[in-house]
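Chain by chain, the residues run as shown.
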Amino acid sequence: AQSVAQPEDQVNVAEGNPLTVKCTYSVSGNPYLFWYVQYPNRGLQFLLKYITGDNLVKGSYGFEAEFNKSQTSFHLKKPSALVSDSALYFCAVKAGNQFYFGTGTSLTVIP
Amino acid sequence: EAGVTQFPSHSVIEKGQTVTLRCDPISGHDNLYWYRRVMGKEIKFLLHFVKESKQDESGMPNNRFLAERTGGTYSTLKVQPAELEDSGVYFCASSQATGPTNGYTFGSGTRLTVV
Numbered sequence: 056a057q058s059v060a061q062p063e064d065q066v067n068v069a070e071g072n073p074l075t076v077k078c079t080y081s082v083s084g085n086p087y088l089f090w091y092v093q094y095p096n097r098g099l100q101f102l103l104k105y106i107t108g109d110n111l112v113k114g115s116y117g118f119e120a121e122f123n124k125s126q127t128s129f130h131l132k133k134p135s136a137l138v139s140d141s142a143l144y145f146c147a148v149k150a151g152n153q154f155y156f157g158t159g160t161s162l163t164v165i166p
Numbered sequence: 019e020a021g022v023t024q025f026p027s028h029s030v031i032e033k034g035q036t037v038t039l040r041c042d043p044i045s046g047h048d049n050l051y052w053y054r055r056v057m058g059k060e061i062k063f064l065l066h067f068v069k070e071s072k073q074d075e076s077g078m079p080n081n082r083f084l085a086e087r088t089g090g091t092y093s094t095l096k097v098q099p100a101e102l103e104d105s106g107v108y109f110c111a112s113s114q115a116t117g118p119t120n121g122y123t124f125g126s127g128t129r130l131t132v133v
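Going down the list, the sequences are from chains A and B. Position one of the first sequence corresponds to residue 56 (this note's numbering), numbered consecutively onward. Position one of the second sequence corresponds to residue 19 (this note's numbering), numbered consecutively onward.
Bound-form chain A, shown alone (with noise of 0.2 Å):
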């Protein structure tokens, strides 16, 4: 079965630190690992996706997530956090033609 957990549902961050959003994986077979971010009002947009190679994967708006095979760990990171960034965000699992999401993390940055 295909499962994904994010620990925190809120990650508070002041403008300027680096951001970490955590997530955690379990599948069956190969892992194809997403990000997708929901701003207010608006749909869920793609940030990044891991599906082989190199196990640091730079996505939009500066984030990049680093894929963790022993520790089944897919963690969203942004080296400078922007009040821009406050947001919800998802991580998820895709197995076949499903995705497999997340709780959610709300992510706010504090001027």
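27 Å max Cα-Cα, derived BS3-like pairs, lysine-lysine:
id, chain 1, residue 1, chain 2, residue 2
1, B, Lys59, A, Lys104
2, B, Lys59, A, Lys132
3, A, Lys104, B, Lys62
4, A, Lys77, B, Lys62
5, A, Lys124, B, Lys62
Read the hints as simulated data drawn from the structure, not as lab findings.
Since chain A is already given, all that's left is putting chain B on it; use the hints.
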């Protein structure tokens, strides 16, 4: 190109009433998906259309939910009769290709509140 459009953006209905949600996918995308997020929990798969055919409807919670995609263009999701536990955000997504490595384009969702 226009994105995935959903309407209404919000709907408040009474328990026992009927509600119909609509999704217009990106033009040319044969694959259309419905997902929903209930009460701050994870976003869960409901069903997948390929053109007008239901490819996978394993996530549909019960027979009060009916999804259609006549003509293979827009899709509707009807809830009849609505129950309190149906409250949540219903997302639609579309894609040109399928497979585990492809992402989807999601709409902004319909927030359904059943009172």
